[in-house]
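Participant: One line per chain: the protein sequences are P and Z, in this order.
Here the first sequence stands for residues 1 to 178, where the numbers follow the working numbering.
Here the second sequence stands for residues 1 to 223, where the numbers follow the working numbering.
Please keep in mind that the hints were generated in silico from the structure rather than gathered at the bench.
Incorrect hints may have been included.
Said to hold, decoys possible - As a list, the in silico DSBU-like pairs of lysine-lysine whose alpha-carbon atoms are at most 30 angstroms apart: (1) P/150 with Z/141; (2) Z/207 with P/150; (3) P/29 with Z/83.
Said to hold, decoys possible - Here are some, though not all, of the chain Z residues that point toward chain P, as calculated from beta-carbon distances under 8 angstroms: (4) 22; (5) 47; (6) 172.
We put the CB at the ideal spot given by N, CA and C, even for glycine.
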Amino acid sequence: MFQGVINGVSAVAIPLLILAIAGHGWYKKVKVYEVFTEGAKEGFTVAVRIIPFLVAILVAIGSFRASGALDLITDLLSPMTAWIGMPGEVIPMALMRPLSGSGALGIVSELINTYGVDSLIARMAAVMEGSTETTFYILAVYFGSVGVKKTRHALPAALLADLAGIVAAVVVTQMVFG
Amino acid sequence: MINTIWIVLMGGGILVAGFQCLGLDYSSASGLVMNPSFVPLTVLTKGLFDSAKASVNLAMGLIGIMALWLGLMKIAEESGLVKLFARAVRPVMVKLFPEVPPDHPAMGAMVMNIAANMLGLGNAATPLGLKAMQELQSLNKIKDTASNAMATFMALNTSSVTFIPATIIGIRAAANASNPAEIIGPVILATGVSTTVAILAIKTLQKLPKYRMPEPEVEGEEV
Chain P
1 MFQGVINGVS AVAIPLLILA IAGHGWYKKV KVYEVFTEGA KEGFTVAVRI IPFLVAILVA
61 IGSFRASGAL DLITDLLSPM TAWIGMPGEV IPMALMRPLS GSGALGIVSE LINTYGVDSL
121 IARMAAVMEG STETTFYILA VYFGSVGVKK TRHALPAALL ADLAGIVAAV VVTQMVFG
Chain Z
1 MINTIWIVLM GGGILVAGFQ CLGLDYSSAS GLVMNPSFVP LTVLTKGLFD SAKASVNLAM
61 GLIGIMALWL GLMKIAEESG LVKLFARAVR PVMVKLFPEV PPDHPAMGAM VMNIAANMLG
121 LGNAATPLGL KAMQELQSLN KIKDTASNAM ATFMALNTSS VTFIPATIIG IRAAANASNP
181 AEIIGPVILA TGVSTTVAIL AIKTLQKLPK YRMPEPEVEG EEV
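If we strip away everything but chain Z, and leave its shape as in the complex, we get:
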């Protein structure tokens, strides 16, 4: 997918710039006029090099803020704050995942993943999310089909329940925003909307015949 997007952006841009070099002018009174020039391609080349340079500046500006968040996260882990948080949200989790026993390891892994997402720590969230999927798979009756709990977990993940969008705040700080964190409030609101829609959609769609969980095949049925 990303390969297709990349070639469309890169190649499409070069082709469009090349086409503009022909300098076709349809608006001229004397019909179609051609003013060939290499300017669009030289502009394009400069744009490419500028973009390459800008990406490294961006990453350098991010180092300090990433370090700050990862350092704080490490303290929260060691002090048991992460575990405390897991216990606090347990009632909500039990409602969202009725198929998962409350004390199953899947619950703990999902809570940690969602907490990392809330703090905007994508890199910390992924390993925990993969662990949660493995635990959910151990409860799943049909191994090649997503269980209701898995689909709900995915919907929560992709709708991204975020309180501190750390990465984007970091980027805004690196770009010298007058108030890098001012987007937190709007993000919480927008993410609340998308998460609500995600939960409603997942719980509604799972009842449709098209998406119903198939019955597990009973082994040794063949005659």
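The shape of chain P in the complex, shown without the other chains:
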């Protein structure tokens, strides 16, 4: 039942959203085709713009993984994460996610390449990627842009939320795909 509802939401969300956006645009007499292509032009730029970040972080992670260094750290932490149902392979993702968006994206891609996109590990990392954010980056950029230096309770609250998000991602993934 629970799994059915979740799968249903996943299946319906995107087609429905596309229909709603395109339909509403057409109803409002927007030149849907022309406006779409205008926006879509940026897709190429965005994808190409992330290549340097992807190469930098994927190669660094590749070094850490291919050398066996990651196995050492994972072995150290995995007894602690096992009791919430988090496989050791996902630990680097949980560690990287608040620090670097491109880094976390690199780890997800790496896990997909290594274990297959439909494996529990890759799915868990994907849910983690989708449900948490690059806390340190956002705080630095947003507060920095207006010159706020004393961030008060913003960081501790954000880190608590990250921890909750990561644990929730693990538990929900186990419930739905485990």
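Add chain Z to chain P, keeping to what the hints say.
Facilitator: Showing chain Z alone in chain P's frame:
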């Protein structure tokens, strides 16, 4: 921060591989045995080149999906759907940000930023978020200290209220997942948990003496 992480991953990996080249074996019956070989380093080198190649393949696979989302977002902007959405969530926003007047431009900018986050459009979200911070700063009495509204906005942002995690769906599609979008349901649940915790944490912590907003200094007080 990212520089430290990068050098630890890259350098740490190379050092560990180099160490393994010594081939130290502690388990041998005759004590410590050494079997030097260059294999760990050649494996490492191959791994580095494979990773570099994989990152470009990944980005190429993303182009089409990014274009699809950015095109749809443009339609939603032009048709006024984004504005409609802003009006719909206004009651919630007023509750979350009691210090911000409902018709202040800060509200509009925050709603647009949160909407872009919900659709998983990180690149669209950032400019709107920065605009929202500027508007919040205009309401802030002590300019170098985060106001309650700013901290709440940051907590919402970093806990990422997501409905369509577009980027990760794109990556899964590029990797030929049997059902790239199947993670949407779990993501909505997990993000709901983290957002709830974020709001509870921010509203609880802001009452603690340690995090209380200091009184603004009155100018011309010095004798």
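Participant: Decide, hint by hint, whether the structure agrees.
Facilitator: Evaluation of the provided hints:
no.	hint	in the structure
1	P/150 with Z/141	holds (13 angstroms)
2	Z/207 with P/150	holds (16 angstroms)
3	P/29 with Z/83	holds (16 angstroms)
4	22	violated (13 angstroms)
5	47	holds (3 angstroms)
6	172	holds (6 angstroms)
Consistency note: the structure conflicts with earlier hint 4 alone.
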